[in-house]
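Residues per chain are reported as follows:
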Amino acid sequence: MNIVVLVKQVPDSGLARQLDAQLRVDRNGANNVMGELDEYAVEAALQLKEAHGGEVTVLTLGPGQATEIVRKTLGMGADKAVHIEDDAVGGSDALTTSAILAAALGRLEWDLVIAGAESTDSGMGVMPHLLAARTGAPALTGARKIETDGASITVEHQRANGYDVLTANLPAIVSVWDTINNPRYPSLKGIMAAKRKPVETLTLADLGVEAAGPDAAQNEVLSAAERPPRAAGQIVTDEGQGGAALADFLAAEKFV
Amino acid sequence: MTDILVYVPNSGKHAAEVLTLARNLGDVAAIAFDDAAEGLAGEYGAAKVYRVEAPEAADYFVDPKATVLVDLARQAAPDFFLLPSTDEGKALAARVAVALDNGLLTDVSGLEADGTVQQDAFAGATVVKSKATKGFTLATVKSGATEPAPAASSPAVESVAATVSEADKRVRITQRVDEPAGDRPSLADARVVVSGGRGVGSADDFALIERVADSLGGAVGASRAATDSGYYPHKFQVGQTGTTVSPQLYVAAGISGAIQHRAGMQTSRVIVAVNKDADAPIFGMADFGVVGDLFQVLPQALEEIEKRK
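If you're matching them up, the sequences are chains A and B in order.
Note that the working numbering has the first sequence beginning at 1, numbered continuously upward.
Note that the working numbering has the second sequence beginning at 1, numbered continuously upward.
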């Protein structure tokens, strides 16, 4: 079973993040990491490979520095990587990004595409369905469990108050939440081996994609501002009456 | 007049919010796949309802509904097409975007008549205004974007019969499993949410958080640190990788307030925090905070709350 995993380098969500002068996500800081849910997608792919054989290919779209996360996934055990790197990509919207990724998927052989349920930066959570619409493959998204017999796939689609069991024939596209597994760390041996694994770099011209970037985008960001800080609240230190003070506040706000 | 197409799922508050927001901008044509959704559209002021009869659609994931939505959007040529920002709403919006080659805006928290939308970026730290530059404004609306306000109408109902094509049967729903949260309201819709974090210390001690939630008629939530430690089930996680909530009251007990958590609750109307650490970032966003041991503070608060009832 050949699996493609989508990964994306994002600014570290644990640190201050901002938009740049062009109102795009500022990726120039030193604090870029792999998307939080992407690790779970890689782990899911590695577990399926271990059970069914085949190859795991990592696909990413981003600037040269995204090589760092590609190396990490290869260290975890992915077999090879495709890195789409082109200056014309910056400022693309989700629709254009999906067209670029779909063109790359068209060059690869896959039975399954696995992605995180959403990215840690824009967090739109729509890419698997955009790709399903473009490739015609079924999308089984928001999985907390994946099972496959090599011909069909069954997932538990996580809902707020339960789950739905979805099933489809392969090839298919799935996305995963962090409930699905516990991602492994790259081993020292894995990190050494990663250095010899192939990474193919592609441009938009290689993929036959002509329109990208802000000119092709169908949305425009007009402005961005820091959220105004919340007005400072009242903080009390408990010296025996903290709970009563809390109840007083809740009563004054009519919650009791 | 501004024409607004709204996809109405059959579940309550979030759909009612989208209808309320839409009604304030123009004439709403609602798309309903069942009686509950049709009823909701009339309660919240829709001028028209497309009542889709596609009994088979319920057996399949996204695809059959997406086909109907694409057809209706093409036919209605609206100024706005709004859906709730749920997994389903986003999936449907993505399908419409590709089929009609139309831009897509997700998790919108505000909407103006000229098509300008407001979105929260970076866990709400940045507020962004955007606009569609081609086609219509296709947007999914975040839960809590507005207070739902009923306004009964008698919408004109147009019946739409849809057959499900073989291609749209590619993802079958073979089983639906509900894991009810008991008598408590659902996390995403609750008016009050009481959450516990690492400071709760154990699964057993989450009973205290549950007691506070029950006393205030609220839902129970947990920080990622608490769910990762196994103190409380993951499906109750509030935060970036969990549920985003926007209740009237959010109580954070033993939660430091890491960005991951703030992403899921910072648009709550009133925030209350209890934490031992006076330097915890959660106090920076709290309307009322108690620096102290939650096992001292919460039982005393509970006792006082019960006295006042």
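None of these hints come from the bench; they were simulated from the model.
No experiment lies behind these values; they were computed from the predicted model shown.
Virtual Cβ for every residue (Gly too), placed ideally from N, Cα, C.
Misleading hints may appear alongside valid ones.
[What the hints assert, rightly or not] Using 25 angstroms as the maximum straight-line C-alpha spacing, the simulated SDA-like pairs for lysine to any residue come out as follows: (1) B:Lys309 with B:Ser186; (2) B:Lys131 with A:Ala252; (3) B:Lys276 with A:Asp215; (4) B:Lys48 with B:Lys129; (5) B:Lys129 with A:Val221; (6) B:Lys129 with A:Val25; (7) B:Lys276 with B:Ser215.
[As the list claims (entries may be wrong)] Listed next, the stretches of chain A that the computed footprint assigns to chain B, with coverage defined by at least 3 CB atoms under 8 angstroms from CB atoms of chain B: (8) 139-151; (9) 233-240.
So, going through the hints one by one against the coordinates:
1. B:Lys309 with B:Ser186: Holds. Lys309 (chain B) to Ser186 (chain B) sits at ~23 angstroms (cutoff 25 angstroms).
2. B:Lys131 with A:Ala252: 41 angstroms, violated
3. B:Lys276 with A:Asp215: The hint is violated at about 52 angstroms.
4. B:Lys48 with B:Lys129: 29 angstroms, violated
5. B:Lys129 with A:Val221: Within the cut-off at roughly 6 angstroms; holds.
6. B:Lys129 with A:Val25: 14 angstroms, holds
7. B:Lys276 with B:Ser215: 23 angstroms, holds
8. 139-151: Three-residue rule met by the segment 139-151 of chain A, so holds; n is 4.
9. 233-240: holds (count 6)
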